[in-house]
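Enquirer: Now for the letters of each chain:
Number of protein chains: 2
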Amino acid sequence: MSLIDDLNWRYATKKMNGETVPEEKVNYILEAARLAPSSSGLQPYRVLVITNKDLLQQLKSAANNQAQLNDGSHLLVWAAWDGYTHNSISEVFEKTTAARGIPASVMDDYKATLWGMYEPLGKEWHATHAAKQAYISFGMAIAAAAEQKVDATPMEGFDNQAFDKVLGLSEKGLRSVVILPLGYRDAGGDWLLNLKKYRTPREEFVIEMR
Amino acid sequence: MSLIDDLNWRYATKKMNGETVPEEKVNYILEAARLAPSSSGLQPYRVLVITNKDLLQQLKSAANNQAQLNDGSHLLVWAAWDGYTHNSISEVFEKTTAARGIPASVMDDYKATLWGMYEPLGKEWHATHAAKQAYISFGMAIAAAAEQKVDATPMEGFDNQAFDKVLGLSEKGLRSVVILPLGYRDAGGDWLLNLKKYRTPREEFVIEMR
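In the order they appear, the protein sequences are chains A and B. The opening position of the first sequence corresponds to residue 1 in the numbering used here, with each subsequent residue numbered one higher. The opening position of the second sequence corresponds to residue 1001 in the numbering used here, with each subsequent residue numbered one higher.
One or more of the hints may lead you astray.
In silico PhoX-like pairs for lysine-lysine, Cα to Cα no more than 25 Å straight-line [to be verified]:
no.	chain 1	residue 1	chain 2	residue 2
1	A	Lys123	A	Lys165
2	A	Lys111	B	Lys1053
3	A	Lys111	A	Lys197
4	A	Lys111	B	Lys1165
5	B	Lys1060	B	Lys1165
6	B	Lys1111	A	Lys60
7	B	Lys1149	A	Lys123
8	A	Lys111	B	Lys1015
9	A	Lys196	B	Lys1111
10	B	Lys1095	A	Lys95
11	A	Lys60	A	Lys165
12	B	Lys1123	A	Lys95
13	B	Lys1111	A	Lys15
14	B	Lys1149	B	Lys1015
15	B	Lys1149	A	Lys111
16	A	Lys197	B	Lys1123
17	B	Lys1149	B	Lys1025
18	A	Lys111	B	Lys1172
19	B	Lys1025	B	Lys1014
20	A	Lys149	B	Lys1060
21	B	Lys1095	A	Lys197
22	B	Lys1053	B	Lys1197
23	B	Lys1149	B	Lys1014
24	A	Lys14	B	Lys1111
25	A	Lys15	A	Lys60
26	B	Lys1149	B	Lys1165
27	A	Lys196	B	Lys1095
28	B	Lys1014	A	Lys197
29	A	Lys14	A	Lys53
30	B	Lys1014	A	Lys95
31	A	Lys172	A	Lys196
32	A	Lys25	B	Lys1197
33	A	Lys14	B	Lys1095
If you are wondering where the hints come from, they were derived from the structure by calculation, not from laboratory data.
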């Protein structure tokens, strides 16, 4: 199966059957999320894996009671940094250079340029920028789930502030961005499964400038 | 090769060797971008494929003269809708229902709810929301390129307004968001190729709530 086959196989599962996704598959999906590229390699987001029933019930209430939140066996939540600081950037660059066995100072010029650009843009711009990076990682997890024949429902429709509160994210300098329940489709009960996947036609989607 | 292998193989190529990526591989990458999921299925973005040398030269000037812009053979540009309108949403829903052979009216309630939510959020919120969706598609294209052993450089560091002007995007209701030069790594000339890939360690990246 190719990525295209996987993307055609997947759909935003509306009804899951309650079966548990094996931990090795969840770990594979998380690894794809972790390997995603991000601007300057900062990875300004984390992924929460939630299986705790009480938490899931509270989160479901904060997500219009959408069934996938506890019909799936695992809920993944992408939470992005609520802002960049000189320290948080330095820390990533120090770890990167240490892992590469090169002096931290090789990043000094780049770091000065980056922070010179980011600092005046302010915390809301930072949080939005960090959230955008999280969407790349989210995309990789969606692709990984499809490759592993695990169903998933990419979701934005939840009360972010309520999620942040239930999950204690503010204390961690994080804000919830997008969520992905993982599970298995209820083939008999999902109204969306047998509807044709629609995408913008290629001739409209792609603009050629040759 | 699995997606994880592909993600480990890829890196943000800094120096390309000028070889041309075959059109069937470019089309495969575009198809992955097109199949990406998006909020409410709106796909509020388009992908430009640029091979025109004059345009690439102008774009390079608007991207700090970064070499990949014309060392690669194709430049992909994600451009997101500059806002949602009741019409643009209706149009997608009409095409979706038509493709599925169901009456357009089945989407009426959902559309009213969605527009009731989006309208008061304003055009800047819309543009940011649309841009975030584009990042999922961007992620799928990055994964697809890696699967096809095509090198690519995910890039944000360019002058968006200059890009919009060179590409005539405002007239199309679009704004440039991210770009992806495609080509092949210059194995002898790329300083980044032999540096270890660094990612936030799993124990720090994943937050378990069991």
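Enquirer: Take the hints in turn and mark each one as holding or not.
Expert: Status of the hints after comparison with the structure:
A threshold of 25 Å between alpha carbons decides the hint, and for A/Lys123 with A/Lys165 the separation of about 20 Å falls inside it, so the pair holds. Using a Cα cut-off of 25 Å, the hinted pair A/Lys111 and B/Lys1053 is violated, with the two alpha carbons roughly 32 Å apart. Proposed proximity of A/Lys111 and A/Lys197 is contradicted: the alpha carbons are some 44 Å apart, above 25 Å. For the hint linking A/Lys111 to B/Lys1165, the alpha-carbon distance of about 30 Å lies beyond 25 Å, and the restraint is violated.
A hinted pair counts as satisfied when its Cα atoms are at most 25 Å apart, and B/Lys1060 with B/Lys1165 qualifies at roughly 13 Å. Restraint check: the Cα-Cα separation between B/Lys1111 and A/Lys60 comes to about 23 Å, which is no more than 25 Å; the hinted pair holds. As the CA atoms of B/Lys1149 and A/Lys123 are separated by approximately 38 Å, the hinted pair breaks the 25 Å bound. Taking the CA atoms of A/Lys111 and B/Lys1015, the gap is about 21 Å. The hint holds against a cut of 25 Å.
With a CA separation close to 19 Å, the supplied pair A/Lys196 and B/Lys1111 stays within the 25 Å bound. This hinted pair does not check out: B/Lys1095 and A/Lys95 have alpha carbons roughly 49 Å apart, beyond 25 Å. A threshold of 25 Å between alpha carbons decides the hint, and for A/Lys60 with A/Lys165 the separation of about 13 Å falls inside it, so the pair holds. Restraint check: the Cα-Cα separation between B/Lys1123 and A/Lys95 comes to about 39 Å, which exceeds 25 Å; the hinted pair is violated.
Between B/Lys1111 and A/Lys15 the alpha-carbon distance is near 21 Å, which keeps this suggested pair within the 25 Å criterion. The hinted pair formed by B/Lys1149 and B/Lys1015 meets the criterion: a straight-line CA distance of about 15 Å does not exceed 25 Å. About 31 Å separates the Cα atoms of B/Lys1149 and A/Lys111, which puts this hinted pair outside 25 Å; it is violated. Our distance criterion of 25 Å between C-alpha atoms is broken by A/Lys197 and B/Lys1123, whose separation comes to about 28 Å.
Using a Cα cut-off of 25 Å, the hinted pair B/Lys1149 and B/Lys1025 holds, with the two alpha carbons roughly 9 Å apart. Taking the CA atoms of A/Lys111 and B/Lys1172, the gap is near 36 Å; set against the 25 Å cutoff, the hint is violated. Only pairs whose Cα atoms come within 25 Å are accepted, and B/Lys1025 paired with B/Lys1014 is accepted, the gap being roughly 20 Å. With a CA separation close to 41 Å, the supplied pair A/Lys149 and B/Lys1060 exceeds the 25 Å bound.
Restraint check: the Cα-Cα separation between B/Lys1095 and A/Lys197 comes to about 11 Å, which is no more than 25 Å; the hinted pair holds. At roughly 32 Å between alpha-carbon atoms, B/Lys1053 and B/Lys1197 are farther apart than 25 Å, so this suggested pair is violated. Of the supplied pair hints, the one linking B/Lys1149 and B/Lys1014 holds, its CA atoms being roughly 16 Å apart against a limit of 25 Å. At roughly 18 Å between alpha-carbon atoms, A/Lys14 and B/Lys1111 fall within 25 Å of each other, so this suggested pair holds.
The suggested pairing of A/Lys15 with A/Lys60 holds, with an alpha-carbon distance near 14 Å, which does not exceed 25 Å. For the hint linking B/Lys1149 to B/Lys1165, the alpha-carbon distance of about 32 Å lies beyond 25 Å, and the restraint is violated. Between the alpha carbons of A/Lys196 and B/Lys1095 the distance comes to roughly 12 Å, so the proposed pair stays at or under 25 Å and holds. About 37 Å separates the Cα atoms of B/Lys1014 and A/Lys197, which puts this hinted pair outside 25 Å; it is violated.
As the CA atoms of A/Lys14 and A/Lys53 are separated by approximately 20 Å, the hinted pair is consistent with the 25 Å bound. Taking the CA atoms of B/Lys1014 and A/Lys95, the gap is about 21 Å. The hint holds against a cut of 25 Å. With a C-alpha separation of about 41 Å, the suggested pairing of A/Lys172 with A/Lys196 is violated against the 25 Å cut-off. Between A/Lys25 and B/Lys1197 the CA atoms are separated by roughly 23 Å; this keeps the pair inside 25 Å, and the hint holds.
Straight-line distance between C-alpha atoms of A/Lys14 and B/Lys1095 comes to about 21 Å, which keeps the hinted pair within the 25 Å bound.
Checked against the numbered hints given earlier, this structure breaks hints 2, 3, 4, 7, 10, 12, 15, 16, 18, 20, 22, 26, 28, 31; the rest are met.
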